[in-house]
Amino acid sequence: MTTSDYATYIAGLPRVLSGAATLFRDTEGRVLLVEPNYREGWALPGGTIESDAGETPREAARRETLEEIGLDVEPGRLLAVDWVRGATRPPIVAYVYDGGVLDGEDFTAIRLQEEELISWKLVARDEITTYLLGTLGSRVLAALDALTAGTGPAELVDGHPAGG
Numbered sequence: 013m014t015t016s017d018y019a020t021y022i023a024g025l026p027r028v029l030s031g032a033a034t035l036f037r038d039t040e041g042r043v044l045l046v047e048p049n050y051r052e053g054w055a056l057p058g059g060t061i062e063s064d065a066g067e068t069p070r071e072a073a074r075r076e077t078l079e080e081i082g083l084d085v086e087p088g089r090l091l092a093v094d095w096v097r098g099a100t101r102p103p104i105v106a107y108v109y110d111g112g113v114l115d116g117e118d119f120t121a122i123r124l125q126e127e128e129l130i131s132w133k134l135v136a137r138d139e140i141t142t143y144l145l146g147t148l149g150s151r152v153l154a155a156l157d158a159l160t161a162g163t164g165p166a167e168l169v170d171g172h173p174a175g176g
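The opening residue of the sequence shown carries number 13 in this note's numbering; numbering runs sequentially from there.
Label-pair distances were calculated between CB atoms; the ranges are:
| no. | residue 1 | residue 2 | range |
| --- | --- | --- | --- |
| 1 | 126 | 20 | 39 to 45 angstroms |
| 2 | 64 | 40 | 37 to 43 angstroms |
| 3 | 48 | 175 | 30 to 36 angstroms |
| 4 | 122 | 97 | 30 to 36 angstroms |
| 5 | 136 | 116 | 16 to 22 angstroms |
| 6 | 137 | 14 | 51 to 57 angstroms |
Because the hints were derived from the structure by calculation, they are not lab data.
The model shown is predicted, which means the values in this text are computed figures rather than measured ones.
Glycine is no exception: its CB is placed at the ideal position from the N, C-alpha and C atoms.
Input sequences plus hints: build the corresponding full structure.
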């Protein structure tokens, strides 16, 4: 296969989008959510993986957390991977990492990225799906379950356990 043939082959492969987020909690187990100004609903700190620049999901979670809320935290273990299909876009692979438990000093240090975010808040588990719309709510609940159980990452499709 020539270089030109290989480039044509690569260009014809299916595409997938990818994003990474970090799940932070307080000492009461509430989850830190951010409110974007560009869409409805809330989110975890995170965003698009800049894969064309060689960025990994873990690196993206750290970079996006720093950019969005001003905290430079090394992500902990991978809690969930979600394959999210879309009717008007390629599928998205969403990674959720454990950000650990933040204390009062950490919360005081939060600085929102004003270009993208309106506010942040701590939300109890039973309110997660009120704030996180679509598959994101069930993804975060699955990540919390994996965290609590100490299991490997939850494998999800459209926010639900894969294969069942």
